[in-house]
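Each chain, written out:
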Amino acid sequence: MFRKFLLILFIFTVIISCEKEISVDLPLPKDQIVVEGFIENDVPPYVFLTKNSPYFGEVDINDLDQYFVKGAKIIVSTGTDSVELMEYSADIINLLPEEEKQMLSEVFGVPLDTSMNFPNISIYTVPLGVDFVGVIGKTYDLRIEAEGKLLTATTYIPHGIAFSKLWVEPHPNPIYDTLVQLRGILKDPDTLGNFYRYFTKKNSQPYTLINQSVFDDLIYNGKEFPIDIPYGFERNSDVDFDFKTFGYWNIKDTCYIKLCMIDRAHYNFWRTLENELANQGSPFGSFTRIRSNINGGIGIWGGYSSSMGIYYPEE
Amino acid sequence: MKFKHLLLFGIISWISVLHTFAQNSKYTISGYITDEQNGESLIGASVFVELKDGRKVGATANVYGFYSLELPEGKYKINYAYVGFGTIVKEINLESSTKINISLTEGQQLAEIVVTSERKNENVQSTDMGRVELGIEAIKSIPALMGEVDVIKAIQLLPGVQAAGEGNSGIYVRGGGPDQNLVLLDDAIVYNPGHLFGFFSVFNPDAVKGATLIKGGMPSSYGGRISSVIDVSMKEGNNKRFQMDGGIGLISSRLTLQGPIQKNKSSFLIGARRTYAFDVAQPILNKSDFKGTNYNFYDLNLKANYIFSDKDRLFLSGYFGRDVFVYNNKENQSNVRMPWGNATATLRWNHLFSNKLFMNTTLVFNDYKFAFNFKQRDFSIGAQSGVRDYNAKIDLDHYVSNRNKLKYGFNYTYHIFTPNSGTAVTGDVEFKTTEGKKYAHELAWYVQDDWDISDRFKLTTGFRLSMFQQTGPYTYLPNGVYAGDTVLYKKGEAVKTWWGPEPRVAMRYAIDGEQSIKAGFSMNYQYVHLVSSSNSTLPTDLWVPSSKLVEPQWGLQYSLGYFRNFKDNAYEFSAEIYYKDMRNQIEFSEDFIQELNQEIETGYVFGKGNSYGLELFAKKSKGKLNGWLGYTLSYTWRKFEELNNGNKFPARYDRRHDISVNLVYEINDKLSLGATWVYATGNAFTLPIEKYIINFIPITGYGDRNAYRIPAFHRMDFSMTYAPNRKPEKRFKSEYNLSIYNVYNRKNTYFIYYKTEGDLIAGNLKTKAVSVSLFPIIPSITWNFKF
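Keeping their order, the protein sequence lines are chains A and B.
Okay, so the first sequence: first residue is 0 according to numbering that gives the first Met the number 0, each after it adds one.
Okay, so the second sequence: first residue is 0 according to numbering that gives the first Met the number 0, each after it adds one.
Derived from the structure by calculation, the hints contain no laboratory data.
Incorrect hints may appear among the rest.
Stated by the list, open to error - Okay, the calculated bits of chain A under chain B, using three or more residues with CB under 8 Å as the criterion:
| id | stretch |
| --- | --- |
| 1 | 23-31 |
| 2 | 107-113 |
| 3 | 184-190 |
| 4 | 261-274 |
| 5 | 288-296 |
As the structure is a computational prediction, the values presented were derived from the model and not from experiment.
Beta carbons: idealized from backbone N, C-alpha and C, even for Gly.
Let the sequences and hints guide you as you build the complete structure.
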């Protein structure tokens, strides 16, 4: 609620103030490799490797290619098993049929462009034909050698939990009689320190996230409790935010909720990143430093144990 | 030791001290020094006599105008002087201890050019360092933003003091945070001294007598903050005749009434001030979707005093101020109402045990409240926070001899802190966050001795012992949230007790009558904290006590100065250097995100800091042209294990250079001009330095903490005061004040923010930096009157 206050204060300041675009002389940042790698139960690990860029300056999709790190040697291992990931460029993926492209787009969280193609990127994943998927309860080490740098990280796939019940309740305001609130029952494990992230999806649309997609069990530890499951939005698209209706599902929607358990470092990454996104541009809020678990670089190597909950609308 | 025992010990200790000193050997001249016109006590007025051997012996009136001077039997010419007032010389034949109450009359010098209210060479002769007194007339002569005369902003023009931001009344003193200043109004702590989000201070200039800033070498009678004291005293009220002061300005109007209740014995003062800037906009707003949106602030000052006898005097003073912000939006049917403000009440009893022992007993109540109410259709949120204190203290001035003056006392405060406690209602369902009020006792004993060892050497030694105890009812949350394991403390049960020994030493070596060298050391503890994530003090900022999780802050300060007056004290010059060491400093962690139901303390990280610098100050207080020039060179660092990778970083208010010039030129009786110019190195801030992509969204990475500077700040203000009728025989006096803020329309950066435009997939993502500046050139006119 104080964010709201700050917003009002911000508006007030803007009313009486005067703005001008300025150029800020920024020192160039240290070259860093950014890791965005995940391993989920029953899904092969995949990694995007990109480079950071100076804060000011345009990022061009046609140029996106230049942000991706090519020719890296990436090994994912459990201590007993290990696999070297292979680099796939968008050109190769784009040769696949549209359906498969869409499936991969969903798995990797890569938005397709207007002609339903992958943007000019590259993905490191398990080579075709090799069976290496995430297993619950295992720890995964990541080792990357690229551009003369060595990056390492470790993550863990915790034991998963699913919603024991899903149901819908009408919107509190009767005007919105086609909207419903999805709710679920969650039973948190007895030990403190469980971390959750969830994705929502309706019908055959892409996965969405709310602003704060992660939560922990500090308040709920060991309890069985009902929780609201608001429908999210696509982060990289412009959304007209209307908080009268935001988070509600349509009464006829098939509601999918992918609930993931993650480890603490993974949780801290999203928690800080999402907060930074929410505060960006607010001069009154302070900055948030994003917590990374990558040694020698920035970004995240995160394990997910996911379970899918589905609510089918009543006929 | 149980708390009750401590309290008892405190009371017994001062009573016993009282009884120890009850005899006198030589004769004493004592009394009160007041203003002939209105009976106001003249704080700091001087009394001195020249002895046969040519030595001068003197005393200074305390904050109640009381003085005491001890002399052997004989004939004396006693000089009573106060800057801007005619000196009175009284010849007496001292054969026994005598009481002399003196009233001084304002002299030829006009009030407007009285820059200080100090003894002529007080700055050279006292042991005080880093102390500046500003009379209200001096404050009024400074050009003001929108014509609003502001005590705090006048203080910001002094070296070693920095404004928190453009137009902001938050201040940073010698590298200390805004919560490290003890802001007092007639002994009552003012927790939030700002109106309108800090753009104006809460002190109504017509009701205020003056302000004292102590930025180093805090006397032992003050405590509880590690940086500075801003002690604002209210006028007592004219006890000679009825008087009315007022003014009509651009954004507010003022009216102050004062007069005798019983002539020469008792008086009252009522002062009120209210803004109307947004009221004017109501007709326009009423036609829009924002009907009912308004903002205003007001404050009320009340004071009464009664002189029972030469021995007893009673003062009652009060302050009540509120800011009210209302925001209505018809389109989304929302309504925000946000009132906040301070209330204080002070009862003081002056008692003279003897002509050498002056006692002041004070009872204070002060309260700061902030409330936030948001309503949208059937959804509403209400939240409130604040702090309330009940305070009792006893201060004694003991004039042991002319060479030795003791001050001692005892201070007790009961604090009640209300952190964010809130209620949310959706339809019929109500959610309430657990009320986590915190309670604490704060106690302090102090003794201070001012000792003139020789004519050249003067030593002030003091010791303050402070104690802070967080007490129940309290629910300790090991996880920092209102769930899971909790430890319950019963009402009155001690949760955590802290002790703080605070030695203070100051010395002066007089090279001659016009120059001296001073040195000082002080140690201070601070038990209440305000941690702000923003740059200014906002009404939402929360005061929290030291607790199980939060250790008290403490600071050490060393200072050394050279003081020199020229041309019969017409020019004053001083150079001071200081080093300040600050421990248990508090900041929010860089990944802190406040969650509902979470104790704010769990987001704190602790570290240390230091600050050092040089302050130069030159002042001219006589003649047609007077004013001052201040320059500060300073460095302020912080080092936190958990911030900036453990590397030291500049504090937000680290400011390399700070210059302020304040000049007043008296053209003639009717017309005077004022000008100020300020220059300051830009505030330190953390800059986004890199961009990277996660989840196909651009993410911002930040550079080193506070490693960058916004552009330097500079601004010139100008004022012209025209008083058509200044003849003393006329009762009705009025003056017009024209102020021009930011004369050369400098667009000072208030903050920088970043705009990301376009999107990644569309291929036109671009980031821009935007500088926001607040105040352009603003002329304003104020009409003031006095009757």
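How the hints compare with the structure:
| no. | hint | in the structure |
| --- | --- | --- |
| 1 | 23-31 | holds (count 5) |
| 2 | 107-113 | holds (count 4) |
| 3 | 184-190 | violated (count 0) |
| 4 | 261-274 | holds (count 5) |
| 5 | 288-296 | holds (count 3) |
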